Each structure stands twice: as structure tokens, then as C-alpha cells.
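Below are the chains, spelled out letter by letter.
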Amino acid sequence: MCLGVPGQVVEWLDRDPVFGRASVEFAGVRRVCHMACVPDAEVGEYVIVHAGIAISRIDAEQAERLLDELRTLDMDDELPPPTAAASDDATAGERSP
Amino acid sequence: MKYVDEFRDTRAARRLVDDIRRTATRRWVLMEVCGGQTHSLLRHGIEEELRETVELIHGPGCPVCVTPAEDIDFAQQLALREDVLLTSFGDMLRVPGTRESLLDVRAAGGQVRIVYSPLDAVALAQKHPDRQVVFFAVGFETTAPATALAVRQAEQLGLENFSLLVSHVRVQPAMESILRSPGNRVEGFLAAGHVCTITGFDSYVDFVREFRVPVVVTGFEPVDLLEGIRECVRQLESGRAEVTNCYARSVRREGNRHALVAVEQVYRIADVPWRGLGVIPSGGLRLRPEYARFDARRRFEDTGCEEELPVITTPDCPAAEVLAGRMRPSDCPQFGSRCTPDSPLGAPMVSSEGACAAYFRYRTPAVDASQPAGASQPEATR
Chain A
1 MCLGVPGQVV EWLDRDPVFG RASVEFAGVR RVCHMACVPD AEVGEYVIVH AGIAISRIDA
61 EQAERLLDEL RTLDMDDELP PPTAAASDDA TAGERSP
Chain B
1 MKYVDEFRDT RAARRLVDDI RRTATRRWVL MEVCGGQTHS LLRHGIEEEL RETVELIHGP
61 GCPVCVTPAE DIDFAQQLAL REDVLLTSFG DMLRVPGTRE SLLDVRAAGG QVRIVYSPLD
121 AVALAQKHPD RQVVFFAVGF ETTAPATALA VRQAEQLGLE NFSLLVSHVR VQPAMESILR
181 SPGNRVEGFL AAGHVCTITG FDSYVDFVRE FRVPVVVTGF EPVDLLEGIR ECVRQLESGR
241 AEVTNCYARS VRREGNRHAL VAVEQVYRIA DVPWRGLGVI PSGGLRLRPE YARFDARRRF
301 EDTGCEEELP VITTPDCPAA EVLAGRMRPS DCPQFGSRCT PDSPLGAPMV SSEGACAAYF
361 RYRTPAVDAS QPAGASQPEA TR
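Taken in sequence, the protein lines are chains A and B. No gaps in the numbering here: position 5 of the first sequence is 5 in the numbering used here, and each next residue is one more. No gaps in the numbering here: position 226 of the second sequence is 226 in the numbering used here, and each next residue is one more.
Honestly, the hints are just simulated from the structure, not real lab data. This one's a predicted model, so the numbers in the text were calculated from it and none came from an experiment. Ideal Cβ placement from N, Cα and C applies to all residues, glycine included. Keep in mind that a hint or two might mislead.
As the list claims (entries may be wrong) - Have a look at the derived ranges for each label pair, beta carbon to beta carbon:
1. B/Arg209 / A/Glu42: 34 to 40 Å
2. B/Arg180 / A/Leu13: 34 to 40 Å
3. B/Arg113 / A/Arg15: 26 to 32 Å
4. B/Asp316 / A/Val10: 32 to 38 Å
5. A/Val5 / B/Arg257: 19 to 25 Å
6. A/Asp68 / B/Pro315: 50 to 56 Å
7. B/Glu301 / A/Arg31: 33 to 39 Å
8. A/Phe26 / B/Gly239: 41 to 47 Å
9. A/Val5 / B/Asp316: 20 to 26 Å
10. A/Arg65 / B/Glu301: 49 to 55 Å
11. B/Glu254 / A/Val43: 23 to 29 Å
12. B/Ala108 / A/Glu64: 52 to 58 Å
Chain A extracted, bound-state conformation (with noise of 0.2 Å):
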């Protein structure tokens, strides 16, 4: 129910406050959103799509600090494997809240 798909702005169709669309593009397939809730959306930005309305704009620089953060984890695990006592210190550095 509370299914979120993240879609590509292509064109913006109507700008009214409530009934404001645009076209949005989901993995090659074009489908008219609504817009009201995300009225700064830009043209190229990815937005959530629920229930035929777009809920966020998708912050492209936290979605990648989240896979950066994941690649240190990556290489913090290359070195060589702790023993099973000593594995608790092997985790990656702090996570900002």
C-alpha cells in the first residue's frame, strides 16, 4: 500500500497548486503524476511516485553518502579477517544520525 516508485521528471504539465502534473519516466515508461506535494520538482530530478502522486524529491547527495558509506564498509572488510573475538572493533567508522 504505502509502495514508493522513484521516477525521472520529464516535463512539467501543469503548474496549478493543486492540480499540478507532470510527466514522469519509470525505468523507459512515461506516466502523467501529480505534483501538489513536490512544487519545486525539477526537470531531470527523481521523485517518489505513491498512488499517482510524486511525495519527495529524492536527495541525490544522501542517497550516495549512504553507498559511500557502504564501500568503506567494503574495504574495512578486506583487511584481514578478525577472529570472532576480536571482530566487534572491525566495524565501520560512526554514521552521521
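Place chain B on chain A using the hints.
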């Protein structure tokens, strides 16, 4: 697909699993509160993979499952009226009311139509001025902005033939009710990422202070879920209870202001019954008096079915136990024998988001074996 594939990366998922295993010194009990997350956890094999490390209890995260049978019965009565075209999401139509589902009513000649968005129902009302179009508005805070917007569009279009049967529910009061229930075992929450996209997470600060359980805002892809679980386990291991946002690409602290304004304008918070759980204080939304003319309960009050009827439970179906996280679907004596998605006894087996349906679909050995290789699940590290 961008923002999906990267977060299904097997290698990243594997590292997170390893890290969670290294961090946990005991088996912690976590609850996810969104049916989408429940399905993702099972579909990608995460629950199974972490079985020894964390116990995942599936919360009442399926809005369709907690919609009172009385509301479904009322919707059926409406669908049988000649002047009404009843619309809702596909999931809602399959769930049985006291006796039958809306799809059964449609088969018997009722006017029922599946729509993808509540705003499509507004368009239908424009197109069919001779019919009363009713949208059966179910869903959590994620969905409420869309139905609020539908009301505002109908208002601006001056539509006299559009109304809502509102059965919206709110997640946080249900989480409180779970923590207050006797015998509660939940030690940390994975908060629903798309609900928090709308509401933000400031409201959890007092919640965490009061109940001393971590609340980690979590997304839906395997990497997101594992990151949420990892953060929750870390907090528990270090004796902390904080609100942390692990779905920052969609969720801001203050939520979505535009969506909140729309919801606030159209709805008020109300005590409402949840199917199987009883009345939850502040547990739902109802139309404000200013929008009462869009309320299907009022417009069709002659149709019968009072709003405040006792919550019906089926004697053979312990759905309430499953919804409250007290019973695992597979521990139900009816599971997979008398109760299957084709012949369900209760809502959690019907809805595509229900915990019982997820277990049936992803935990049956025959189904597991037929999963295509290279599917997006993190590889077993056994």
C-alpha cells in the same frame, strides 16, 4: 532502475549482514511496521538470513488488513446502489467484509472499479456527472495526501457527485498501542519510510523518550532494510534509544510540508477502530466538518451500517494476533491448509501486503526453490 538497483546490490547487502552479525551479542527483537517492508524482508531472504541474529516481528503494516469489516460492508452497500460507482485500490476489493469482498459484490452486479490513484476517481466523477462516485479511502499517512488532494480538486471543480469513505489510519498510535500491550516483546522499531516521508520524524522524539526504544526510519530495498536493522542493533547494543533516519534520500526531519498542509486542511485526527486491534486513540483520520459534504457516510446515511459498530473477528482466524505481532503467520494452525491466498480466512492472507500472504508466497519451500538465480536477494552466506 536508478535508486532501486544500487540498493539491491548483493555485495553491499552481504557486508551489512556480516556487520550486523558481528555487532549483535544477543538476538534482538525488532518490528517493522510497513507491509511493503515485510514483503521485501521475506522476498529478499533477509528474515531467513538473519534468523539467528534478530527476530523480526511483523507489525500491523497492512492498511487494507486493519480496515474494519464494517467499513467494507458499508462500501458493499454503496456499490449495490444504482446511483453509485464505488472506487478503490485493487487490494481493498479482495478483502472480505463480514461475509464477502467487494469483488464478490461486483460479480453480483455491484458497480465497483479499481483505480490506481484517488485522483483518477475525481476524473471519473467529472466524466460521469449522472453517477455518484465514491472513493474508499484506505491507507496510512503515505496515502492521505493523495485523498486530501482528491477532495480539494473536487471542491475546486465544484463536483457534487464525488465523496470519500474515509478509513485512513495513523501508524504512530498503533506503535504506542503495541508497546503498551501486555507481553510486548518489541525492543526496536524500523519506522515506515514512506509514512515518514510525509510526516517527518520529529514526532518520534518524545516517543523514544517515553518508551526507550530505538526508532530507525527505514527504506524498502534490501540495502535500506539491512542498514535500518544495523542501526537499530547498534543502538540496542550500546544501550541507546534514539530516532535515526536511515532513509535520508526520501525523508526529511520536517516531512513533506505541502503534503502535511493538504492533509491538515481536509482531515482531523480521530479515535478509530482497527480491524482485529480494537479502537486506537488518535489512530486514524476523518474528514473535517468543513468537508463533511464530501463524506460518503453522511451523504448516504440512509444506506444503513453505523460507523461505530463492534470490531468483528472471525473465530477461526487469529488475524488479530498476527496483526499485533504476537503470532507468526506460519504458527497459525490454518496457515497454508484451510487458509491460502486463493481461499483466505482473514485479511492478512488476502492483501498483497499482509504478513500471511508474504509468508505463503516467499516461505513455502517449493516457492523458494523456484526463485530464479541472480534475483535481487542477498546471497545466503551460510
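### Query
If you check each hint against the structure, which ones fail?
2, 4, 9
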